[in-house]
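What follows is the residue order along each chain.
Protein chains: 2
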Amino acid sequence: MQNRILTSETLNKIGEQAILCGWIERVRSHGKIAFFDLRDMTGVLQVVAASPETVASVENLSVQTVVKIEGIIKERGERYSNPIIPLGTVEVEITKPVEIISLASEMPFDMGGNELNLQLPTLLDFRTLTLRNRKIANIFKVQAAILKGFRSAAENLGATEIVVPTISASATEGGAEVFPVNYYGYPAYLTQSPQLYKQMMVPVFERVYTIAHAYRAEPSVTTRHLSENTQMDMEVGFVEFPELLDILEQVITDTLKFAQDASKDILHEYQIPEISFGKIPRLKLSEAQEIITKEYGRDVRGEKDMGPQDEVDICSWALKNHGSDLVTITHFPTKKRAFYTMPDPTNPELSLSFDVLFRGVEISSGSQRIHEYQKLMDAITSRGMSPENFKLYLQAFEYGMPQEGGFSFGLERITMHMLNLANVREASLFPRDMERIDERLSILAQKK
Amino acid sequence: MQNRILTSETLNKIGEQAILCGWIERVRSHGKIAFFDLRDMTGVLQVVAASPETVASVENLSVQTVVKIEGIIKERGERYSNPIIPLGTVEVEITKPVEIISLASEMPFDMGGNELNLQLPTLLDFRTLTLRNRKIANIFKVQAAILKGFRSAAENLGATEIVVPTISASATEGGAEVFPVNYYGYPAYLTQSPQLYKQMMVPVFERVYTIAHAYRAEPSVTTRHLSENTQMDMEVGFVEFPELLDILEQVITDTLKFAQDASKDILHEYQIPEISFGKIPRLKLSEAQEIITKEYGRDVRGEKDMGPQDEVDICSWALKNHGSDLVTITHFPTKKRAFYTMPDPTNPELSLSFDVLFRGVEISSGSQRIHEYQKLMDAITSRGMSPENFKLYLQAFEYGMPQEGGFSFGLERITMHMLNLANVREASLFPRDMERIDERLSILAQKK
Chain A
0 MQNRILTSET
10 LNKIGEQAIL
20 CGWIERVRSH
30 GKIAFFDLRD
40 MTGVLQVVAA
50 SPETVASVEN
60 LSVQTVVKIE
70 GIIKERGERY
80 SNPIIPLGTV
90 EVEITKPVEI
100 ISLASEMPFD
110 MGGNELNLQL
120 PTLLDFRTLT
130 LRNRKIANIF
140 KVQAAILKGF
150 RSAAENLGAT
160 EIVVPTISAS
170 ATEGGAEVFP
180 VNYYGYPAYL
190 TQSPQLYKQM
200 MVPVFERVYT
210 IAHAYRAEPS
220 VTTRHLSENT
230 QMDMEVGFVE
240 FPELLDILEQ
250 VITDTLKFAQ
260 DASKDILHEY
270 QIPEISFGKI
280 PRLKLSEAQE
290 IITKEYGRDV
300 RGEKDMGPQD
310 EVDICSWALK
320 NHGSDLVTIT
330 HFPTKKRAFY
340 TMPDPTNPEL
350 SLSFDVLFRG
360 VEISSGSQRI
370 HEYQKLMDAI
380 TSRGMSPENF
390 KLYLQAFEYG
400 MPQEGGFSFG
410 LERITMHMLN
420 LANVREASLF
430 PRDMERIDER
440 LSILAQKK
Chain B
0 MQNRILTSET
10 LNKIGEQAIL
20 CGWIERVRSH
30 GKIAFFDLRD
40 MTGVLQVVAA
50 SPETVASVEN
60 LSVQTVVKIE
70 GIIKERGERY
80 SNPIIPLGTV
90 EVEITKPVEI
100 ISLASEMPFD
110 MGGNELNLQL
120 PTLLDFRTLT
130 LRNRKIANIF
140 KVQAAILKGF
150 RSAAENLGAT
160 EIVVPTISAS
170 ATEGGAEVFP
180 VNYYGYPAYL
190 TQSPQLYKQM
200 MVPVFERVYT
210 IAHAYRAEPS
220 VTTRHLSENT
230 QMDMEVGFVE
240 FPELLDILEQ
250 VITDTLKFAQ
260 DASKDILHEY
270 QIPEISFGKI
280 PRLKLSEAQE
290 IITKEYGRDV
300 RGEKDMGPQD
310 EVDICSWALK
320 NHGSDLVTIT
330 HFPTKKRAFY
340 TMPDPTNPEL
350 SLSFDVLFRG
360 VEISSGSQRI
370 HEYQKLMDAI
380 TSRGMSPENF
390 KLYLQAFEYG
400 MPQEGGFSFG
410 LERITMHMLN
420 LANVREASLF
430 PRDMERIDER
440 LSILAQKK
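Residue numbers (numbering that gives the first Met the number 0), protein chains in the order written: chain A, 0 to 447; chain B, 0 to 447.
If we strip away everything but chain A, and leave its shape as in the complex, we get (with noise of 0.2 angstroms):
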């Protein structure tokens, strides 16, 4: 837009006359002076009309409307700036009327207060005016930023990042919850992750990275589950158990770290505390059931996997005594864990296999892969599966594998933990699963 500047520049430029653009975000009349507020990716400026020609091109201006002014930048008087708001000092007195882009239609919700106080069918079902909701745009913003961090804290390491499909011929994870697909005629199925792909790729560049989408056809409708996400996976030859925890540990710090500092004041309005990045605890899974049954009560010893509430105790005993958010759970049974996954030598029952919990919950597992050819394929059949579905994966191992590992951590996951979110469709634009793509399912139906 021809010398439009942005919301954030006119800090710097007090006194001068200027164009911008954005959507009205609250319009405030007093007769003869009227107020909106003018949104932008920048930021949020109050825009002052006083003039009788300019409050009449406010007055009735419907919320969302998209607007150009070009009036004057003034430093509020000191009675009436707002320091706590970034924009809070200055403000632009109109000296033209506001010239109308796009005029929005009446919106079927208030829109105008710091929160939108809206169900979460609601939220979803007007996806496209709840997300230009400052506080709920910026759960994005930390989106953005935990995938860069992520992307970072991999390159650092020397991984390369790959593409891998999301289209393949068989359930790659011999699961049933997957989306069936019409190939051209033949039958495929939508990834459930990248694991094999990535795994094919420790040959070709040993450490590599991708963040790809997995599908998961989940029957049930829980807070902490989406049919389509994100992960953000590394794989890493020449690796073996202890040296991939210390890898997987650095890599989510990392990552955190680079998403708290790019998203401080987005933390602080969300009413988050500082991360606590204390060295983080390793614990077998036994031995963290010994503590949950001894510190908290609750005797979960030899219970096969961590239930929700084993999750947010063993995290508050970690951060009570190691100072740490993070806690690394390892050697799940191995009957539990994906079939590459390798057994414990000292106690096949037990597997090289990690979750890290964060905050109360998981967001990140791995393992400690098999790599010898004849053992994954004994891990293969054992679990009734047919290695004439693996061929393409069994052939890198078939030629060459190192010792080699990975982990994936849920970019949703993450997100929603970040921020404290109550369920994770709030971490995800377009969220969907068993009720809804865009629209209720139902409601689709009945369009058909």
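No wet-lab data here; the hints were simulated from the structure. Keep in mind the model is a prediction, meaning the values are calculated, not measured. We put the CB at the ideal spot given by N, CA and C, even for glycine. Heads up, a few of these hints could be off.
To be verified - Keeping only pairs whose Cα atoms sit at most 20 angstroms apart, straight-line, the calculated EDC-like set for lysine to aspartate or glutamate is:
#1 B:283 <-> B:304
#2 B:374 <-> A:105
#3 B:67 <-> A:371
To be verified - Taking beta-carbon pairs under 10 angstroms as the criterion, some of the chain A residues facing chain B (in silico):
#4 101
#5 237
#6 396
Fit chain B to the supplied structure of chain A, relying on the hints for placement.
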């Protein structure tokens, strides 16, 4: 791996004892002395065995076997140096027998040369092997650099990275070439592009970018099309046509410059000349056709689109007359472009659309979009589509949308043409097409 050093580190450790790991590339045994090449993530290094014990551990090793070696890093005598290759002046003489980490089966073809002399089906049937060839692996180093360059270019323009879904409830752009998904029993489709979602995000962040998978059920097999490809998309609010073209050309130039600078050695190996970044000529389709007719003697005036030879010719003209490997073609017929494309107000038969051609082929397309709600409704209904299927999308326009436009780059196409590859499948790690999902579909069908 404890104490392991990388091959690239040997240059600074002459005379030292070191442990290295990697893949065996070639073994040459001469009785009392044997050599092999060791490949790791940073390069390829010559290894020498000169004692009966070490020679015995080496001479029968199969190519691609993964090994751990220990030895002394030595400068090669001048007579034996090969200063052309990065590690050609050093070698490691092993002091212990080679330790086998993973023994490779015998190769199905010769992996020993610098180039693999294989037909495309073999290249893909053995993808986990053929990618280990350094020249082939380097295609994806260039691809990673293109991704990085694009993200950096978009961020420099203030764009926010977004993640958009790939499952949609309708065929988003009105085409028939979509892949159906069984979504919990409801019909759904794989998105043909992130187009509608990135537009919906303009009222939230003004400028957004995304790297997204896009799916086209193209019923033909060409050297240019993939069924699943990767798009680098950007969308910009408060922009009109000429400024949109400025942004487009800046992003593609910055992306290519970044990728070229990061890949100098690889481009040299592929014998690719430097990209000519003269001022990019902008031609209306009709102007390009006039030039082709006049300069190349083929009368293409009045055609609705550019044919492959037209693209070659106009690029050749642009290089000769403007010193530019890029050329922007605008004003394609409105009917040939998607419904959201803005018609030229001065002649609605033509549209404010564009393609960018690079060295004879289209690598990007985009347009100014219709941002007025009623005009967009009219465009949808006039093409026989139902506004009901675009409810969430239309919401974004009903409630205030500025002038906006955007563009998309095909990642695999750009990779292909930066390296002058013959087929776009060579620029995809695991290409999907009408005949293949990793394995050939005919073979997959027999397995079921």
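Verification of the supplied hints:
no.	hint	in the structure
1	B:283 <-> B:304	holds (11 angstroms)
2	B:374 <-> A:105	holds (19 angstroms)
3	B:67 <-> A:371	holds (16 angstroms)
4	101	holds (5 angstroms)
5	237	holds (4 angstroms)
6	396	holds (8 angstroms)
Hint check: no violations occur; every hint is consistent with the structure.
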